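Trainee: As you go down the protein sequences, you meet chains A and B in turn.
When we follow the working numbering, the leftmost residue of the first sequence carries the number 93, and every step to the right adds one.
When we follow the working numbering, the leftmost residue of the second sequence carries the number 281, and every step to the right adds one.
These aren't lab readings, by the way, just hints derived from the structure by calculation.
Predicted model, so just to flag it, every value in this text is computed and none were measured.
The beta-carbon is built from N, C-alpha and C at its ideal position, and this holds for glycine as well.
Don't take every hint at face value.
What the hints assert, rightly or not - Label pairs and their calculated CB-CB ranges:
1. B:Leu398 with A:His289: 46 to 52 Å
2. B:Leu398 with A:Ala515: 52 to 58 Å
3. A:Gly531 with B:Arg499: 47 to 53 Å
4. A:Ala277 with B:Gly370: 29 to 35 Å
5. B:Tyr344 with A:His369: 55 to 61 Å
6. B:Arg499 with A:Asp278: 49 to 55 Å
Claimed, not checked - Chain B regions said to be covered by chain A (calculated; three or more residues, Cβ under 8 Å):
7. 292-301
8. 321-334
9. 450-463
10. 470-476
The chain contents come next:
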Amino acid sequence: MTALLLTLLTPLIGGLALFLVRALAPAGWLNLAVSGLTLLGSLWLAWTVAQVEVIAGLGFRVDAFNVYLIVLTAFVGLTTAIFSRPYMQYVQASGRISVLNLRLYHSLYQAFMLTMLVALTTDNLGVLWVAVEGATLATVLLVSLYRTPEAVEAAWKYFILCGVGIALALFGTVLTYFAAQLVLADTEAGLTWSVLHAHAAALDPTVMRIAFVFLLVGYGTKVGLVPMHQWLPDAHSEGPTPMSAVLSGLLLNVALYAVVRLKMLVDGSLAATDTPHLAGALLMGFGLVSFMVAALFLHRQRDIKRLFSYSSIEHMGLMTFAFGLGGPLATFGALLHMLVHSLTKSAIFVTVGHATHLAGTQSIERIRGLIRTQPTIGWSLLFGVVAIAGFPPFGVFTSEFLLLTATMQTHPWLTLVLLSGLAIAFAGLFRHLHPMVYGTAPDGQAPVTANLLPVFVHLGLVLWLGLAIPDFLAHWLNRATALIAGGGVL
Amino acid sequence: MSLALLPLLQQFVVLLAALALFLSFVLLAQMRLVAAIHVFAWQGALVAAVTLTVAVAGAVEHLYFSAVLTLALKALLIPWMLHRLVRRLGLERHTERLRHPALVVMAGVALVIFSYWLVLPMVEQGQAFTRNIIAVSLALVLIGLLMMVFRQQAVAQVLGFMSMENGLFLAAVSATAGMPLVVELGVAFDLLVAMVLFGVFFFQIRESIDSLDVDRLNRLTEVES
C-alpha cells in the first residue's frame with residue numbers, strides 16, 4: 093500500500109511544486125526527478141504485486157493486468173521527461189512559448205501522469221471516468237501551448253470530441269450502476285469493478301448490452317477508434333512533441349485498458365444469453381475498421397507527426413481487434429503489443445522531435461537527408477520505423493505474429509485482411525520515410541544537439557523483447573492474460 | 281402500468297424531467313446567446329429539483345448535498361461564468377443564424393423517439409418510472425449532442441455540452457438514486473475545470489480567428505490544400 097501511495101502522491105505533489113518553480117532549468121530537472129521517483133514507486137508496487145497477487149484498499153485495486161501498465165506508464169513518463177528537458181529549452185529559446193506557459197507545461201505534465209495512474213489503479217468505474225476526463229483536461233491546454241491558429245483549432249477539436257465521447261461513457265457507467273443496483277445488496281459498491289466482476293453473471297444482460305455500446309463509443313473516442321479518431325492526428329501534430337509521445341504511448345493504452353475491463357464485465361453478464369460474444373464482436377469490428385482506415389490514410393500524410401499518429405490509430409485498432417478476438421493467445425499478443433507499441437512509438441516521437449528541430453519544419457516534403465546531416469537521428473528514425481512496421485527481430489514482429497496466429501486459429505479468412513493491412517501500412521510508412529532519411533540534405537542544414545538516450549533505451553528494449561522475452565515478463569503477462577481470458581498460454 | 285398509477289413523488293419527478301426535456305428543445309432553437317444561458321440555468325434548477333425530490337422520496341441523505349451542489353454549480357455558478365464571459369467578449373446582443381431551424385427541431389423529436397425505442401426492451405418488469413426517466417435523460421444527452429453538432433458558435437456548443445451533463449446527472453440521480461459521493465464530487469470538479477478551460481479557449485479562439493464561429497476553424501484537414 094505504501095508503494096501505491098508513493099506512486100500516486102509523487103506526481104500529485106510534484107505537479108503542485110512544479111507550478112511554483114519559475115526558472116526553466118530547475119523545473120526540467122525537478123520534472124525528471126519526480127518522474128524517476130514515480131517509476132521507483134511503480135517498480136516497488138510491481139514487486140509487491142508479484143508476491144501477493146492483488147493489492148486492494150482505499151478504493152484502489154492493483155493486479156497483474158494493471159500493474160504492468162503502471163510500470164510502463166511511469167517508465168515512458170520518465171524517458172519522455174528526459175527528452176522534454178532539453179527540448180523545452182530549445183522551444184523557449186526559439187521564442188514560441190511564454191514563461192508562464194512553460195510553468196504550466198511542467199505542472200500539467202505531472203497532472204497528466206497522475207490522472208493516468210489513478211485511472212489505472214482505481215477499482216471504481218466512476219473514478220476511472222473522472223480520471224480519464226481529467227487526462228483530457230490536463231492535456232488540452234498543452235495541445236494549444238504554442239497558440240498558433242492550428243494549435244488552438246486542434247485543442248478545441250480535441251476538447252469537444254473527447255468531451256462528448258467521454259460524456260457518452262458516463263451514460264454507460266450510469267447504466268452499469270443501474271444494472272448493479274438491481275442485483276447488489278450494498279448499492280454503494282455498485283461501481284466497484286471487483287464486486288461487479290464477481291456478480292457479472294447476475295447483471296441484467298439487456299441493460300449491460302446498451303451500456304457497453306455507450307462505454308465503447310465513449311472510451312473508444314479516447315482510444316482513437318475510427319470514426320471517432322478525428323481529434324487524434326490534430327492533437328498529436330500541433331502539440332509539443334513530448335506531449336505527442338505520452339499521448340500516443342500512454343493515454344491511448346489507458347483508454348483501451350478501460351474498454352478491456354468493461355468488456356470483462358459485459359462478457360460475464362452476456363455469457364448465458366444468445367449473444368455471448370457481442371462485446372468481442374464489437375471490438376473486432378471497430379478494431380479492424382480503425383486498422384484498415386488508418387493504414388490507408390498513412391499514404392496521404394504530409395506532416396510527419398500526423399503520419400505517426402495515424403500509425404498509432406492503426407496499432408490501437410490492431411490491439412482492439414485482438415482483445416475482441418479473446419482467447420489466451422490473442423490476449424497475450426495484445427498485451428505484448430501494447431507494451432512494444434508504447435515503447436516504439438514514444439521513441440519514434442522523440443526522434444521526430446529532433447528531426448523537426450533539425451529541419452525546422454514538420455512537413456515531410458521538406459525533411460530530407462537526415463542520415464547525411466546527423467546519422468544518429470537518421471538511423472534512429474529508420475530503426476524506429478522498421479520496428480513499428482513489424483520487422484523481425486523487433487518486438488512488434490513477435491506480438492503481430494502471435495496475433496496473426498491467433499486469428500488463423502479462429503477466423504482464418506481475417507488473416508488475409510490483417511496481412512494486407514500490414515502491407516499497406518508498411519508501404520505507407522516507407523514511401524515517406526525513404527526520402528526523409530536517405531535523400532540529399534538541403535543546403536545549410538546543420539546537426540543539432542540531440543538527446544537520444546530515451547530512443548536507444550526504448551529501441552534496445554523492443555529489440556530485446558523481439559529476440560527473447562525474459563522469463564519474469566512472460567510469466568507476468570501470462571498472469572495478466574489469465575485474468576482477462578480465463579487461461580494462460582504458458 | 282400507466283404513469284398515473286405511480287406514487288405522487290415519482291410522478292412529480294417525471295414531470296420535472298419532462299420540463300427539462302422541453303427546455304432542451306428551447307435551448308436547441310434559442311438563437312440569442314444570453315437567453316440561451318438563462319434557459320440552461322433553469323434546466324440546471326430543474327435537475328436540482330429532481331435531486332431534491334428523489335432525496336425526499338427515498339430519504340437518501342447524501343442526495344440533499346447533491347441537490348445543493350447541482351443548484352450551486354449548474355443553475356448559478358456556470359451560467360454566471362458564461363454570462364460574464366459573454367459580456368467580456370462583447371457578445372450580449374449576438375444572435376446566431378441557424379440554417380434549418382425546423383429540421384433541427386424535428387431531428388430532436390426523432391432523437392426522443394429513438395431514446396424511447398432504445399430503452400423499451402431494457403426494463404421488462406414494468407417499471408414505468410425508470411424506463412421513462414432513462415429515456416428522457418438519454419434524450420437530453422442526445423439533444424445536447426445534436427446542439428453541439430449544429431451550432432457553430434463556441435458558446436452555444438458549450439451550452440450543448442453542459443446540457444448533456446444535465447442529462448447524465450438526471451439519469452444518475454433518478455434511475456439509481458445518485459452515484460457514490462466521491463464520483464459525484466469528481467464529476468463536479470471535472471465539470472468546473474472544463475468550464476474554466478472553455479473560458480480560456482473562447483479567448484484563444486477569438487485571438488486566432490477573430491470570431492467565435494468555430495466553423496471557421498478549418499485549417500486542419502486531410503484534403504490536400
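Trainee: Hint by hint, note whether the structure agrees.
Mentor: Structure-based check of each hint:
1. Distance hint for Leu398 of chain B and His289 of chain A: a CB-CB separation of about 26 Å, inconsistent with the stated range 46 to 52 Å.
2. Remark: the range hint 52 to 58 Å for Leu398 of chain B to Ala515 of chain A is contradicted by a beta-carbon distance near 40 Å.
3. Between Gly531 of chain A and Arg499 of chain B the Cβ separation comes to about 27 Å, which falls outside the hinted range of 47 to 53 Å.
4. For the hinted restraint 29 to 35 Å between Ala277 of chain A and Gly370 of chain B, the CB-CB distance of approximately 57 Å leaves it violated.
5. Taken as a hint, the range 55 to 61 Å is violated for the pair Tyr344 of chain B and His369 of chain A, whose Cβ atoms sit roughly 44 Å apart.
6. Hint check: Arg499 of chain B to Asp278 of chain A, Cβ distance near 52 Å, so the stated range 49 to 55 Å holds.
7. With 0 residues having a Cβ less than 8 Å from any Cβ of chain A, the segment 292-301 of chain B misses the three-residue criterion, and the hint is violated.
8. With 0 residues carrying a beta carbon less than 8 Å from a beta carbon of chain A, the segment 321-334 of chain B misses the three-residue requirement, and the given coverage is violated.
9. Residues of the segment 450-463 of chain B lying with their CB closer than 8 Å to a CB of chain A number 9, which satisfies the three-residue condition for coverage.
10. Here the segment 470-476 of chain B counts 3 residues with a CB under 8 Å from a CB of chain A, which clears the bar of 3, and the coverage holds.
Against the hints set out earlier in the document, violations occur for numbers 1, 2, 3, 4, 5, 7, 8.
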